[in-house]
Structures are given as structure tokens and as C-alpha cells.
Amino acid sequence: MSTTEHSTEEARPETVTTAATVRTNAQGTRMETGEEIGAMDTIRRGLRFSPELTEGFWGTLTLALVAALGQVIVPIAVQQTLDTGLNGPDGPDVGFVVTMGVAAFFGLVVTSFASYLMTSRLFATSEKGLATLRIKAFRHVHDLPLLTQNTERRGALVSRVTSDVDQVSQFLVFGGLLLIISAGQVLVATVIMLVYSWQLALVVWLCFAPLFISIRYFQRKLSAAYGVVRRQAGAMLSAVSEPVVGASVVRSYAVQERTQGRIDTSVDAFRSASTKAQKFTVISFSLGGISAGLANAGVLVIGVFLGFTGDMTAGSVLAFAFLVTLFVGPVQMGTQIITDAQNAIASWRRVIGILETPGDLVDPGPEGETLPRGPIDVRFADVTFAYPGGAPVLHDVDLTIDSGTRVAIVGETGSGKSTFAKLLTRLMDPSAGAVLLDGIDVRDIRAESLRRSVVLVPQEGFLFNDTLAANARYGRLDASDADLVASATELGLADWLAGLPDGLETKVGQRGESLSAGERQLVALLRAHLADPDLLVLDEATSAVDPELEMRIGRALERLMAGRTSVTIAHRLSTAEQADEVVVVDRGRVVQRGPHSELVLDVGSPYARLHASWVAQQGK
Amino acid sequence: MAVDQQKPRGSTTREGFRVLGVAVRREPVVFALSTIGSVLFAVLTVADAWVLGWSTENVVIPAFETGEIGADMLWAVVALFIGVALLRAVGIVARRLGAGIMQYRMQAHTRRAVTRKYLELPMEWHQRHPTGQLLSNASSDVEAAWAPIAPFPMALGTVVMMVIAVIQMFAADVVLALVGLLVFPAVLAANLIYQRIASPLMTQAQRLRAEVAEVAHESFDGAMVVKTLGREEEETARFTAKVHELRDVNVRAGRVRAVFDPVLAALPSLGVLVVLAVGVERVTSGAASPGALVTVAYLLTIVSFPIRAIGWLLGEFPRSVVGYRRVSAVLEATGAMPYGLRSAPRGAAGARLEVDGLQYAYDQAVPLLRDVTFTVEPGRTVAVVGATASGKSTLTSLLARLVDPDAGTIRIDGVDLRDLHDGALAEVVAVVPQTAFLFDDTVRGNVALGADVTDDEIWAALRTAQADGFVAALPDGLDAQLGERGTSLSGGQRQRLSLARALVRRPRLLVLDDATSAVDPEVEARILASLREGAAGTTLVVVAYRKATIALADEVVHLEGGHIADRGTHRELLGRNESYARLVNAYEVDAPVPPVVASEGVQS
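Order-wise, the sequence lines are chains G and B. Numbering that gives the first Met the number 0 puts the first residue of the first sequence at 0, with every later residue one more than the last. Numbering that gives the first Met the number 0 puts the first residue of the second sequence at 0, with every later residue one more than the last.
Fair warning: there could be bad hints in the mix.
As the list claims (entries may be wrong) - In the BS3-like style, the derived pairs of lysine-lysine whose C-alpha atoms are separated by at most 25 Å in a straight line are:
no.: 1; chain 1: B; residue 1: Lys-241; chain 2: G; residue 2: Lys-127
no.: 2; chain 1: G; residue 1: Lys-275; chain 2: B; residue 2: Lys-241
no.: 3; chain 1: G; residue 1: Lys-278; chain 2: G; residue 2: Lys-220
no.: 4; chain 1: G; residue 1: Lys-220; chain 2: G; residue 2: Lys-275
no.: 5; chain 1: G; residue 1: Lys-135; chain 2: B; residue 2: Lys-241
As the list claims (entries may be wrong) - To give an idea of the chain B side of the interface with chain G (calculated C-beta under 10 Å), a few residues:
no.: 6; residue: Gly-82
no.: 7; residue: Gln-167
no.: 8; residue: Ala-170
no.: 9; residue: Ile-192
no.: 10; residue: Arg-369
no.: 11; residue: Leu-401
no.: 12; residue: Asp-440
no.: 13; residue: Arg-443
no.: 14; residue: Arg-500
What the hints contain is simulated information worked out from the structure, not anything from laboratory work. Keep in mind that this is a model prediction, so the values were computed, not measured. Ideal placement from N, C-alpha and C gives every residue a C-beta, glycine not left out.
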């Protein structure tokens, strides 16, 4: 007993060499991190996934520009008051100032209203777009192959559809358009500055040139830094989940301190990554202030000289000083948005990363085949399966299971039995060969039809934090309470159900933890029975149930399976004894098959050996 | 846990400041640094205006009037502007870096405190709180709580800016300054209205965020079931419902903000217009100089910035207050398990276990255990046998003191478990649960769990648990990373690692709760055989079904419906107890005989 089906593949993900679409990075996840996508590309792709984000874009932009005009109203009013109102050719002109003031007031009302419309539209479109993104990503996680799902930490996966999306939201609402507006303001300010004095405008731009040039450098640095931040955030979530999910183990081994130590480490790693990213942000931001100082000094000094040549008046130099603040404001705002955006973009990438991780098990959709109802015959045609980067765990398995038969698959731990079940139910696709149900390649069967006809009951039947009835109904959504009771009775579980304090309405707790492991398996069986499959695959489905009940369920299933096909994987060979046929798997190959009564007589064969140790276990 | 209506809402603003107060007391140095930076920045921003004014008065106007200017004056202008800008950059760095450090430190402190609390609080508390919610308490609620730290120093600094600006305004012209100051009460009023409307929305949004996380967490946890039953659509619908609720609340909150933001931005501008109107009057009447009017107008535009900054701060409050309340609910939760002062009893390889009159009910409704009494002498093995849901796992969780009994006592070497100090029990007892939980760590980390053991000891434990083979085959052996909850391993492998984890600690009482259910019979037989060697002398309590396991036991405790139906050796029970015989002999009934008529005759 050396390697087993699971250990080979996933403990060694670095060795993935296939040109497969699924990449594996240093963290061992098969999920796309999206880290190689550039910032602009991220935004482009993000917009493709959430088309709502661009809805009414031009309208919003127009509103934004109108709103931005609000910023120049006051400086213009000040300038006009000075130059025309107070220092006009005919002396102070109160009437002009009042008229201008009223005009400016209405201007402000209009621009403020535009600003309101813009902001609320922005909130509406970004929240809509992000809701779509969340839902798409969530759905895609469920469409991913089991293998890929398992390589990603649950907490990290959750954070991709929760906090990562929140980060993007912050950016889209307060950043995205503001960036465009800031750019617009810079443009408008530049134009106005040019109108006042092209020479001074040039001075201002020259003073800011170093900032504009260095932005790209900082952006790259920041992008990398925030990539680390998001990764550390995922690791931290995972560590934080341990005292919650592993609460009982932590307590029974009194490893609170050690667990806390691990959490502290990850919390600190996150903190220091965040601080590091903040350093870059701060430095790039402070450059803007220095440029502004240069620009102010430059404008006054050069302005004075221009005054000497008669190109400028005192009023226009001062107005220009105001205009510089109009220029500096949006530039600093823009710099800040660009730096803050790196965090959002890192998050956005991670969400997009999910969506761009290929869902290997492609549903052929409506064009796909539909399985006819009734018992299914199964054929494994030269099936080979290897986990990415691993050695094959099933070799050239060629096997037919006639419709309506009950087959038990036995073999040592790690012989490839579970792989068999996963291929049969299309949780994975074979590396070579094909799995055929009723002669149809499973890859050509519509997912809906496949899931309707083929049901797998795994060893750990996950339960949702709801009532027992709701969990059982997961198998058939329209089942009535009477149906549930009837199904339970058919399985011989009526007594158990009646013995529960609240019967069908019993709350099972998180992951079903208010029930014992055996009871959880009973609910999973009930669920599968309600689903009324044509092919039932049981993978150690009753391993935690007591022998008497297991036998009772076994006999009940036997009755219920009449007219269906069933494949059972079990360590307890009692199942094999009762199956129509036993398939013995050893190191990924089918080494023996036939009814129990024949195989057991073949002394020295793998089955006879397995059976002998089973019998010894039973103390027969 | 609806924290929403937890207490009568005082002023959100006041509570928001109280939350910030907590942060300031915790990180006074960084806070002081960033505030000084911010004040520096503020003072210099105002100085900028002063430099502009000074330059206007002393350089620009004279230059235009006289048509000439001294080089020294020009240099003074340049030096002033650049000096101010440089110092201001220093202020920015101190402020933003300080605020960032403070914010991240506070997040870290709170996350540590929350998780520490998770570790302290008893199992019952955990059973009552959904995982997704607890995770969100430690992540997004913490983030929300400390979000105002980022704009806080800036807001404080701008208060200084405001004060200086106001003083300058008064210096320039008292009447115009008074007119300009009308902006402040208007801003205050706008803010109060905003808080009033936005707070409930923020509360709702934060709760919904946690719920979205909860649904996602559970759904991803059950991904296999979702997939095998083809329930992706239903799950997506469930998630969509929550996401849409969150979206709608956010959109509504956004609309409120959309009103508030432009109003806040427009108020100072309106103020400038009013100042201009009044100013023109005063300038024409000779009461004020044009320079004073410009100064006041300019200062008022400067003041609009602090007002926005303070607005940003106050805008964060509703979410922060909600997040802080949710976090506090965890931090203030009570009910840590009480511990005694006794240290772990020492002695021979095996401990003596006395279970006396145990009574336990979850939720008080149906007793899961009643009047369970038995003793295990040192070094002996007791098998606990019973039908599904007869109380076996409850018994093991009482032995590990995950919960305390409602009545009765459990004693190890005569010491009541409740009298042992924190951590002492784990030195004596190791429980291997039915469902193995592995940490996101290496094999070594998972087995040793920080205990001071050598690699040889770890390998020995792995050997006994029949896990040495597959661990040796892992590319990094003991250093192989197992991934979150050991998802990269099969159920049987996880169980064996979990067993090795117990064995390496050389417990004096080892409790196995059907700990080999996912292991095939051959491997299980090997485990049992090596347990007899590797853990010889250890007192053993095994929950088991397999006869080979039961046969190893010196005594069998037969549980039925939460109480002991019978005790004795396996043979004795087989002989006299029909339901016991039916339970353990089930596999021998070869023919599909109806279970009720299985008779005593069927036995070994």
C-alpha cells in the first residue's frame, strides 16, 4: 500500500506539465489568479463580464462633465468680480457682480444636480454590474471540476465572491469615473490655462512632467504589492477559519496557542504586505504635492515677467494661480485613484481569474443527448485516468455493467475505486478512453439529464444548515413531507426518523454537525433515494452506520434497486457478498470479476485475500 | 444574531468617534505621528495661501505697478513655494503612512482578539453561530470597523487648517469672515441628516454582506453534493437572492450619498458667492480692500477641502459603527469553559477512567445520554458499541471535555475533568474523532501540532496508524503541504493522520470514535495489530462496530438510546443480549432475512 489516488496528484501540483488549460501555480491552486493580466486588460475583461457597468456610460460621463464645471464656477466668479466688477473701466459695478452671482448660483444648482444624477447612476450601474459578476463567479465555481475546487481554499474562494468584489465596487463608484472626470478636469483646466496664457500653461505642465512619467513605475510596483496583499488576505482567511471549522480538534488537543500562533503569523503577514503597499502609495502621492509647489512658484515668477512684457495683467496672473489649483486638484485626485485602483484591480483580477478558469466538464447543453429513463448499462471503454502531473490511477479499464445489475467494486485503499465512481458520475473526465452510459459518451449527455439519471452518494454527504426535510428535498425539490416519510420507510429508516426530536423538521446544524456521522449518511441516502436515479453509485455511503442498520439499508436498497443499475464501493464486503457481480480493482486495473461465490473460491486471488481479512475482522 | 437593533441608537457620530477613540488609545504613537503630519500638511496648505497672498502684495502688484522687481524677491517667492511644498510632502507621508499603519495594526489587533475569543469560547457557542458569519466577523466587519482611521488624521489636520483659515479670514475682514462662516452650520446640518438616513442602510448592508458570505461558504463547502445532484441552478438562485438584496441596499445607500456629496461640495461655493456679493458692497463703500475680498474668497475655497475631508470621515461612520458592534458582540461573548487548577495526573502508561452518572442533553430537549456509569481500569480496553445515534459520539466529546455534562462526573485517575487546568486534559487524553480535521499545514505540523517530538517519533506514530506508506510517497514526505482541511487526501488517509496525531502524544487514555471507518479491512486489521504494540499499556476506549475490534476489548459497553443497556465481555453480551447480538452479527446474516426475526442462534 503506497500511493493512493489522491495523494499522488494533488500533493505534487508543481509538476503539471501538460499543455492543459489548467495551470497550477506555486500556491498549489488550480484556480487562475489572473495575476498576469495587465490593468487595462483587467478593466476590459471586467467590463465584458459585467456589461451593466458600461450602461448609460456616455450619459453618466456627460453628467460628470457638467458636474465638473461646478468646480470652475467659483474661480471664474472671483476673477470676474475682481477684473470687471471691482476694477472695471467704469469703477466698481455692483449690478454686474449681482447678476454674475445669480448666474453662478444657478450654475451651481445645475452642476450639483448633475453631480447627484451622476453619482446615483454610478452606484446603480456598478452595484448591478458587480452583482452580476458575483453571481457569475459563484456559478462558475460550481461549474469547475471537483479537482479544481479542491485545490483552492474555501475561505479564499469565498473572498473572491465577497470582499474582492467589494474592493472593486469601491473603485468603480469612487474611482473609475472620477478618474475620467479628473482627466477631463485636467484637460479643461489646461485649455483654460492655455486661453489665459500658453506660456504659463507650459510652465505648469513642465513642473508636473516628472510626476506623470513616474506614475507608470509606481503603478507597476503597486500592482505587485497589492497582488501580495490579496494573496495574504486569502491565506489569512483560511487561517482564521481554522478555530471555527476545527473548533473541536483545537480543543481536544489543547492546541489553542499553536492555532493562535498560526493565525497571528498570517494576520501579521497581511498587515505587513498592506503596509508595504501603502508605502508605495504614499510616496507616489506626495510627489504630486511637490510638483504643485513648483508650479505655483513658476506661475508667479514667470507671470510677473510676462507682466513686464505686457502679456498679462495682475488679475490674470492671480486667476492663473487659482487655475493651477484647479489643475493640481484633479491631478492629485487622479494620482490617488490610480494608486488606490491597484488594490481594486488586484481584486478584480482574482474574480476574473475564477471566470477564466476553464470548467473542464463542459455541458453540451441543449444539443447534448438525453438519457432515456430506465436502467442504464455502463461501459468503460479503455479508460485511463491520471490526475494532472501524476501517474495513471486507472489503466485501460475496459468493463461493461449490464443494465439492472448490482455491481460491487472492491479493492484496497488507493486501488482506484473512488476514481471509478467519479468517472462514472462525470465528476471528472477520463484522460483517455470513454465512459458510456446506454452507449452514449457521458461527455455528450446534457448535464441536466445526467444528473437526473445518475446519482452518487459520497462517503461524506454534505448537509446544509437547514432542516432534515430541506436537505432530503435536495434530491427532489417537489417532494412532499409524505413523500419523504414514504421514502424513509422504504429504506427502513422510519424508526430512526420517528425517534428524532423534531422528525423531518429537525435542524441538522452547520454541515449537518448536529447529527452523528452515521445519521448524516442516512440523510444523504434518503436524498439519493428521493432523486429516483436509474444508476445509483454508492461510494462508502454507509461506512459510518452501524452494521445492523447498514444491512437493513442494504436489503432495502436491494429491493429498491430492482430495475435499476447500481454500483457500490465499500470496504465492508457484506455488500460484495450480496452483489450480482464483484469487480476487483488493484493498482488501477480490473484484476478479477464475477459473482462473490465464484471469486471467493479462487484461492490466492486478490479477492479471496480481501475477503479473508474481512472475515477475520468479523471474527467468523 | 441580529445586532442591528442591539441598542437604542445614540448618535452614530458620537459612537463613531468612540470607536476611533479605542484606536487612538491603542496606537497613540502612530496616531500622534500621523496627526502631526496631517497638521503640518494643513498648516502648510494654508501657508500656501499666505505665500500666494504675500507674493501678490509684495511681488505681483508692485511689479505690475512699478514695472520692475528685484531678483531677491523672485528667489524668495520660489524658495517659499518650494520649501512649503517639500515640507508638505513630508506631512503627507507622515499622515498617510501613519494612518495606514494604524489602520492595519488595529485590524491585526482586532483579528487576533476575535480569533482568540473563538478559541476560548466553548463548543456550544460555536454550534450556535454559523461559520460564514464568524468568518465575516473576523474579516469584513473588522475592515469596516477601522475604515475611518484612514481619513481620520486628515480630518483632524484639516480642522487645524480650518482654524487657521478662519483666523486669517477674520484678520482680512471681520464681516466677510462672519458671512463665510455661515457655511459651517449648513454643513453640520447636512451631515446630521445624512447620518440619520444612511446609518440603517449601512447596517443592513453589512448584515447582508455577512449573509452573502455565509451562503457562498456553505455552498462551496457542499460543492460535491451540488454537483452530483445537479443543483447548481438552485444554489445560484439562493445566492442571487442574497446578492440582489445587498445590491438594492447598496444602490439605495448610494442614492443617499449622491445627494449628500454635491450638497457638501456646493455649500462652500455658495458661501464664496455670498461673500463676493457682500464683499463688492464693502469694497465699493471702502470698508474692505479688494485684497481682503480675494483672501476671504480664496480661504473659503480652501475651507471647502476640510469640510469634504470631515464629510468623508463621517461618511465612514455608519458602516464602521455597525462593523464594530458586530465584532464587539464576539469579543463580549461570555461563557468560556471554566478550568480548575489541578495539573495532569501522572502515572503508569494507562490512566484510570471513571464515568459516573453522566447526563447530557443538547438543547435540553431530548437527553442524548442518561445515567451513564462505567469504569475503565488502567491499560484496559473498553469498546463502546451501539446503534447509529445511540450517544457514542456524545460520550467521546464529553471525554474530551468539548462539553460538560449536565449531571455526573468524569474522572481521570480520580481527578474530575473540570478540576484540571486549561490544557492539562490534552496531556492525558487523546480523542480521534469520526471526521478527521486537518490543518492547512504540513504532515509534520498536522501530526505534531507543535508538540516537541522528533521525526522518528512522528514516523513511529505514522507507522502504527498505517500512514507511513502514503506519507513516504508524498513528494515532500513529512513536509508535504496538505492544503486546507487536507482536501488533497482521501478520507481514509485523513483518518490515519488524525490517528497518528493522537498516538504521537503517547496519551494515557486514547479514545477512538469509529476512527477507522474510511479505512479498508486489511489496513484496519494492521492498525489494530500495531496499536497493541505501539500503544501497549494505554487505556483505550473504542467506539466500534467491527467484531475484530470489539473482540480486542476487555469489556463492552452497549449503549442504547443514550443509556447503558448492558456491560460485560463481548462473549457474555452475545450470549445474553439479543439486540447486541443483532447489531454486531448483522454481517453474518447472509440471506436477506427481515431484521426483526434475526435470532440469538446466529453467532460465532
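Tested hints:
1. Restraint check: the Cα-Cα separation between Lys-241 (chain B) and Lys-127 (chain G) comes to about 13 Å, which is no more than 25 Å; the hinted pair holds.
2. The hinted pair formed by Lys-275 (chain G) and Lys-241 (chain B) fails the criterion: a straight-line CA distance of about 35 Å is larger than 25 Å.
3. The straight-line distance between the Cα atoms of Lys-278 (chain G) and Lys-220 (chain G) is roughly 10 Å, inside the 25 Å bound, and the hint therefore holds.
4. Simply put, Lys-220 (chain G) and Lys-275 (chain G) have alpha-carbon atoms about 10 Å apart, close enough for the 25 Å limit, and the pair holds.
5. Proximity of Lys-135 (chain G) to Lys-241 (chain B) is assessed by CA-CA distance (about 14 Å); at most 25 Å being required, the pair is judged to hold.
6. The interface hint given for Gly-82 (chain B) holds, since its Cβ lies 8 Å from the closest Cβ of chain G, which is under the 10 Å cut-off.
7. Given hint, Gln-167 (chain B) at the interface with chain G, is violated; its Cβ is 16 Å from that chain's nearest Cβ, farther than 10 Å.
8. Contact between Ala-170 (chain B) and chain G, as hinted, is not supported at the beta carbon level, the nearest pair being about 19 Å apart and thus beyond 10 Å.
9. The interface hint given for Ile-192 (chain B) is violated, since its Cβ lies 15 Å from the closest Cβ of chain G, which is over the 10 Å cut-off.
10. For Arg-369 (chain B), the interface hint is violated, the least distance from its beta-carbon to any beta-carbon of chain G being 15 Å, above 10 Å.
11. Residue-level restraint check for Leu-401 (chain B) holds (minimum Cβ-Cβ distance to chain G is 5 Å; threshold 10 Å).
12. With a least beta-carbon distance of about 7 Å to chain G, the hint placing Asp-440 (chain B) at the interface is held under the 10 Å criterion.
13. Hint on Arg-443 (chain B) is violated. Least Cβ distance to chain G is approximately 13 Å, over the 10 Å limit.
14. Because the smallest distance between the Cβ of Arg-500 (chain B) and any Cβ of chain G comes to about 7 Å, under 10 Å, the interface hint for this residue holds.
Hints 2, 7, 8, 9, 10 and 13 from the list above are not met by this structure, while the remaining hints are.
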